[in-house]
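Enquirer: Given chain A, put chain B in place with the hints provided.
Those sequence lines, one after another, are chains A and B. For what it's worth, the working numbering labels the leading residue of the first sequence as 165, then goes sequentially. For what it's worth, the working numbering labels the leading residue of the second sequence as 1212, then goes sequentially.
Think of the hints as simulated: they come from the structure by calculation, not from any bench. None of the hints are false.
To be clear about the criterion: a stretch of chain B counts as covered by chain A if any three or more of its residues have a C-beta under 8 Å from a C-beta of chain A, and this derived list gives those stretches:
1. 1215-1229
2. 1255-1266
3. 1295-1309
In the DSSO-like style, the derived pairs of lysine-lysine whose C-alpha atoms are separated by at most 27 Å in a straight line are:
4. A:Lys491 with B:Lys1544
5. B:Lys1317 with B:Lys1371
6. B:Lys1366 with B:Lys1497
7. B:Lys1535 with A:Lys497
8. B:Lys1535 with A:Lys491
9. A:Lys497 with B:Lys1213
10. B:Lys1371 with B:Lys1497
11. B:Lys1317 with A:Lys316
Pair ranges (Cβ atoms, derived):
12. B:Lys1535 with A:Gln242: 40 to 46 Å
13. A:Gly339 with B:Asn1515: 56 to 62 Å
14. A:Phe371 with B:Arg1342: 24 to 30 Å
15. B:Arg1237 with A:Arg404: 43 to 49 Å
16. A:Thr236 with B:Gly1221: 40 to 46 Å
17. B:Gly1221 with A:Pro226: 55 to 61 Å
18. A:Ala466 with B:Thr1236: 52 to 58 Å
19. A:Glu440 with B:Lys1371: 36 to 42 Å
20. B:Lys1366 with A:Gly511: 35 to 41 Å
21. A:Glu425 with B:Glu1545: 35 to 41 Å
22. B:Arg1493 with A:Glu512: 34 to 40 Å
All of these numbers come straight from a predicted model, not from anything done at the bench. Note that the Cβ used here is the ideal one computed from N, Cα and C, for glycine as well.
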Amino acid sequence: MSVTMKVDFSQWSCPLPLRDYPSIVMGHGGGGQLSAELIEHLFVPAFRNTTLESMADSSVLPRPSGRLAFSTDSYVVQPLFFPGGSIGDLAVHGTVNDLSMSGATPLYLSAGFILEEGFPLSQLAAIVDRMGRAAREAGVQIVTGDTKVVEKGHGDGCYINTAGVGVIADNIEIGPTRAANGDVVIVSGTVGDHGMAIMSVREGLEFETIIESDTAALNGMVASLLRFAPHVHVLRDPTRGGLATSLNEIAGQSNVGILIEERSLPVLQDVQSACELLGMDPMYVANEGKLVAIVDPSVAEAVLAAMREHPHGRNAAIIGRVTEQHKGILAAKTPIGGTRIIPLQIGEQLPRIC
Amino acid sequence: MKYLDEFRDGELARSLARQIQQTATRSWAIMEVCGGQTHSIVRNGLDQLLEGAVEMIHGPGCPVCVTPLELIDKALAIASEPGVIFCSFGDMLRVPGSHFDLFRVKADGADVRVVYSPLDALTIARQNPDREVVFFGIGFETTAPANAMAVHQAKQQGLKNFSMLVSHVLVPPAIEAIMNSPSCRVQAFLAAGHVCSVMGYWQYYPLVERYRVPIVITGFEPLDLLEGIRRTVIQLEAGTPQVENAYERAVCFEGNQPAQALLAQVFEVTDRSWRGIGMIPRSGWKLSDAYRDFDAEYRFSVGNIRAEESPICRSGEVLQGNLKPNECPGFGKECTPRHPLGATMVSSEGACAAYYNYGRFVAVDSIR
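Next comes chain A alone, as it looks inside the complex (with noise of 0.2 Å):
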């Protein structure tokens, strides 16, 4: 072979296996047999399923009977690890509970990496892995897939995205314009573990206690409390932005009013803490594993031991009602008596100096 043969680099690929390599490198985004050890020994193994193995450009899937719901969301969070749980829980858990929130039941997932040139390869394998049991915990399969690789320093370790499809049973409508007048406003259980989770390992500070993330699929849940109330008005997982978000947009399109009773709101002492201390409402900061139903008075109780019941909604409580007054606008009784309006935010919440 003589120095001046022209290589081709698209056709490149290193010769070395996997387990060769402690870390990512360009060719695992290649398409070469880097990618497809990749898959092989990586992602096959943790997503296990027949559809998957057999290793087609697309899934091919039975039609289900119903309507589908289809979602998508992608996955950037910082750290990857968190107490509580990791890029891969929330990659599967966020979308799962997307199509739980129409009222599906979630079937299939696809997963999208981006990842960075020398990303270790042991933290991909503890990902992937989490997604794995995460996806058989909530009975979903994840069916295909994608990876790309970025040159270092154009990604932050590890990006997913994450799309679903799910079944839409025929007798249910769930939908953000279905609040009623007098409906029963209900959460799952306590609200800002997540966002806190997250800010209490980033950078720069340090509780004393350790928050963890309450991320979790929500479609058992969702599935029991259909059962006994299969005419809910609406569900939203309040994520970005907190429940405060979930419900303005609620009351904006719904053109209803929502008045919630400050002290019926669930909230875990360390992040009440937490919140003092930065300046933060727990109204605003994110949740992974919690929904807030909008359901009839007559099913209201119902629906609330139905949620009781599962092991992501012990702490549910019922907070508010819809009312026909202040229309698109998200109140709260204050325990001191007082009455305040929690408008949205215009951007994400921000720790305050005073």
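Expert: Relative to the frame of chain A, chain B by itself:
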């Protein structure tokens, strides 16, 4: 939560509010100086409990709001310099300068970091010896000791890559400026408890003497605020203005003397512009000559940056309770929470932002 729940008791709060209502023979205009107090009043709906007896005028005590445009432009210029790590409290990132905010320069590639203490910025400086680390040191007397400590430690440790962009403001000169305004409606002040925990309250006697207004040192929890207001109303009704401490669990007459000694060493008094109000003589602190090497304004030669406040904005009058936000010609047109022209639209607790967020729905009264 211990030490908080005791001061948020609804029953006691309503009883205090009743006492205030019974004591007041007319409606009194009381200014709470501090933004933290404004936040608590709005958040808990205290102003509603006091309707008819007390009108709360929200003072200029939000350091984010009153930081002058010019200084924010300087911060943006420094943050945009190559190699700089610019550290700030979170809520300064959204405050617009003449053209954009820190979020925007961050998006354009600047290394802007949110920290929770100036000492965190010092740590970043130690970890990045080849980078210039700048901390945006703003705030009232409350945040000043921590900032002074950071600069002091930087000097002690011989850190060459740390500096601070300082825009400290002081409460007593602001009270004086408000009282000197010919159209002033304020009849009494709630002094900021946290400021007084550092500075004590000896500074307020000359002000009460000169302007004959009650000044009551007040805390931040609902019961603290209601107790401060109750004592103020008693003074107003009796016509015997004096300095009174209603926040005894945190504040003493002398204040925190070691902190004051450090402040006197690190800072010196200077004239300061307040966004929405204008220049107030001797109303701020800058780094003293001994610490000039740590002054980011000198290190980055941004001294020549000048900025003009919007000619439309009348937030100064709003801050003094002389103008309702929606009476300002810019309100809701050129000036919105997304594109604020003045102090009172910047912060969510600012009077203009509150009016904009709630008032545009008109139906606000129906929730009371």
